[in-house]
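Peer 1: Below, each chain spelled out in residue letters.
6 protein chains.
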Amino acid sequence: MQMNISARNALKGKVVNVNVGVVNTEVVIELPGGDNIVSVISKESASKLGLVPGKPCYAVIKASHVMVAVD
Amino acid sequence: MQMNISARNALKGKVVNVNVGVVNTEVVIELPGGDNIVSVISKESASKLGLVPGKPCYAVIKASHVMVAVD
Amino acid sequence: MQMNISARNALKGKVVNVNVGVVNTEVVIELPGGDNIVSVISKESASKLGLVPGKPCYAVIKASHVMVAVD
Amino acid sequence: MQMNISARNALKGKVVNVNVGVVNTEVVIELPGGDNIVSVISKESASKLGLVPGKPCYAVIKASHVMVAVD
Amino acid sequence: MQMNISARNALKGKVVNVNVGVVNTEVVIELPGGDNIVSVISKESASKLGLVPGKPCYAVIKASHVMVAVD
Amino acid sequence: MQMNISARNALKGKVVNVNVGVVNTEVVIELPGGDNIVSVISKESASKLGLVPGKPCYAVIKASHVMVAVD
Chain A
1 MQMNISARNA LKGKVVNVNV GVVNTEVVIE LPGGDNIVSV ISKESASKLG LVPGKPCYAV
61 IKASHVMVAV D
Chain B
72 MQMNISARNA LKGKVVNVNV GVVNTEVVIE LPGGDNIVSV ISKESASKLG LVPGKPCYAV
132 IKASHVMVAV D
Chain C
143 MQMNISARNA LKGKVVNVNV GVVNTEVVIE LPGGDNIVSV ISKESASKLG LVPGKPCYAV
203 IKASHVMVAV D
Chain D
214 MQMNISARNA LKGKVVNVNV GVVNTEVVIE LPGGDNIVSV ISKESASKLG LVPGKPCYAV
274 IKASHVMVAV D
Chain E
285 MQMNISARNA LKGKVVNVNV GVVNTEVVIE LPGGDNIVSV ISKESASKLG LVPGKPCYAV
345 IKASHVMVAV D
Chain F
356 MQMNISARNA LKGKVVNVNV GVVNTEVVIE LPGGDNIVSV ISKESASKLG LVPGKPCYAV
416 IKASHVMVAV D
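Residue numbers (the numbering used here), protein chains in the order written: chain A, 1 to 71; chain B, 72 to 142; chain C, 143 to 213; chain D, 214 to 284; chain E, 285 to 355; chain F, 356 to 426.
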C-alpha cells in the first residue's frame with residue numbers, strides 16, 4: 001500500500017545483501033555515498049516487498065530512533 | 072564515556088541544525104552525500120555532547136529500528 | 143513521498159486530536175471500532191502531513207515495537 | 214507480574230497466530246474490528262505469557278513508536 | 285489497568301526526578317544499586333501514573349530496545 | 356569504533372548468557388545489584404563485540420525507549 005509516512009528519514013539506496021531467518025530478515029542497503037545501512041525487518045515484509053540484491057529502496061527511520069555520537 | 076556499541080549503523084556527518092525543546096532536542100545531521108538525517112534526543116544529551124552546527128558527529132541507529140520501503 | 147513500507151501494521155482511522163509541543167506533536171487517532179491510538183511524532187512531520195482533526199490517516203507500527211500483555 | 218504501564222496504547226484482542234523462531238516469536242493479534250496487529254517479541258516472553266491462538270490479550274505500544282501516514 | 289507484559293526487563297526502583305514538557309515528561313528512576321535510569325514518556329502517562337519523587341516504580345524495557353557496549 | 360553516544364542510559368554489568376539465532380542474538384547482562392537485563396541485538400554485533408559469559412559490558416538504552424510502570 002502506497003502512503004506518505006511521518007518518519008523524517010528516508011534514505012535512498014539499493015539492497016546489497018539479504019539474510020533470511022525464521023522470524024526476521026536482515027537487509028543491507030548501500031547508500032550512494034558508499035555507506036551501508038543494516039535493517040532487521042520481519043521475514044514476511046522482506047518477502048512482500050521483493051527485497052533482493054540490486055533493488056532500489058529506502059531506509060526509513062523515525063527521528064526518535066536516531067541517536068547521536070561524537071568521537 | 073567512550074564505548075564500542077552494538078548498534079550496526081553509525082553514519083558519519085556533521086550537525087547542521089539544533090532545535091531545543093523542554094525535554095527533547097531535534098538535531099539535523101548532514102551526511103557527506105548531501106542527505107540529512109533528523110534525530111530527536113533528550114535536551115540534556117544534546118547539551119552534554121556539545122552538539123552545535125558544524126560539529127562532526129555520527130547518526131547511530133539500531134538495525135531493528137530501520138524499516139525498508141520501495142516506490 | 144509515496145512509498146510501500148515494511149512496517150507490518152497500518153491501522154486505518156482518523157485524527158481526533160492534535161497537541162503541538164516545541165519538538166514533538168501528539169496525535170490521537172480513532173479506529174473504526176472506537177479504540178484510540180496515541181502517536182508522538184515530530185512537529186514538522188505532523189505539519190507536513192496536514193494532520194488536523196477529522197483527517198483520515200493510518201497508525202503505522204513496526205512489528206518489533208509491539209508488545210503483548212495478558213490480564 | 215501485574216503492573217500499570219506508561220505505554221499509552223493497549224488494544225484488546227486475541228491471539229490468532231504464533232510463529233516461533235530461535236530468539237524471537239511473531240504473534241498475530243486480531244482486534245474486534247477485524248484488523249490484525251503483528252508483534253515480534255522474544256520467544257521466552259511468548260512462552261511465559263502462554264500465547265496460543267484464541268487467548269485474549271492486548272497489543273501494547275509506546276506512543277513514541279507509532280508513526281502516522283496519509284494516502 | 286493491571287497487566288502482565290511481554291517486555292523482558294522491569295527494573296524496580298523509585299522516582300527521583302520529574303521534568304515536565306509540553307508533550308513529553310522525563311522521569312529519572314534510581315535503582316537499588318545506585319544507578320539511575322532516565323525515561324521519556326508522554327506527559328499524560330506520567331500524570332496518570334502519579335509519578336512524583338519517592339514513588340516506587342519499574343523501568344520497563346523491551347529486549348529489542350537494549351543495546352550492548354564494551355569499553 | 357569508540358564513541359560517546361547520546362543514549363542516556365549505560366548500565367555497567369557483565370554478560371551471563373548468550374543465545375544465538377539466525378539473525379539475532381539474545382544477550383543476558385547481570386547488573387551489580389543482581390538484576391538481569393535482556394538484550395536482543397544482531398548476531399553480527401554480538402560476534403564483533405566478543406560477547407561471551409563473564410565479559411564486562413554495558414546495557415545501553417535510549418531514554419525514549421524506557422517505559423515506567425507502577426504496581
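These are computed hints drawn from the structure, not numbers from a lab. The beta-carbon is built from N, C-alpha and C at its ideal position, and this holds for glycine as well. It is possible that some hints are incorrect.
Only pairs whose alpha carbons sit at most 20 Å apart, straight line, appear in this in silico PhoX-like list of lysine-lysine [claimed, not checked]:
| no. | chain 1 | residue 1 | chain 2 | residue 2 |
| --- | --- | --- | --- | --- |
| 1 | F | LYS398 | D | LYS256 |
| 2 | E | LYS296 | E | LYS339 |
| 3 | A | LYS43 | F | LYS398 |
| 4 | B | LYS114 | A | LYS12 |
Ranges between beta-carbon positions, derived for each pair [to be verified]:
| no. | chain 1 | residue 1 | chain 2 | residue 2 | range |
| --- | --- | --- | --- | --- | --- |
| 5 | E | GLN286 | D | GLY246 | 36 to 42 Å |
| 6 | F | VAL373 | D | GLY246 | 39 to 45 Å |
| 7 | D | LYS227 | B | ASN107 | 24 to 30 Å |
Stretch by stretch, here's where chain E covers chain F in the computed footprint (C-beta under 8 Å, at least three residues) [said to hold, decoys possible]:
| no. | segment |
| --- | --- |
| 8 | 357-366 |
| 9 | 381-389 |
| 10 | 393-407 |
| 11 | 412-423 |
Peer 1: Now look at each hint and say whether the structure bears it out.
Peer 2: Structure-based check of each hint:
1. F:LYS398 / D:LYS256: Since the Cα atoms of F:LYS398 and D:LYS256 sit roughly 16 Å apart, the hinted pair holds (cutoff 20 Å).
2. E:LYS296 / E:LYS339: holds (11 Å)
3. A:LYS43 / F:LYS398: holds (16 Å)
4. B:LYS114 / A:LYS12: violated (29 Å)
5. E:GLN286 / D:GLY246: 36 to 42 Å: Distance hint for E:GLN286, D:GLY246 is violated at roughly 24 Å.
6. F:VAL373 / D:GLY246: 39 to 45 Å: holds (41 Å)
7. D:LYS227 / B:ASN107: 24 to 30 Å: violated (43 Å)
8. 357-366: Check passed, 6 qualifying residues.
9. 381-389: holds (count 6)
10. 393-407: Answer holds; 9 residues pass the 8 Å Cβ test.
11. 412-423: holds (count 12)
In terms of the numbered hints stated before, the structure departs from hints 4, 5 and 7, listed from lowest to highest.
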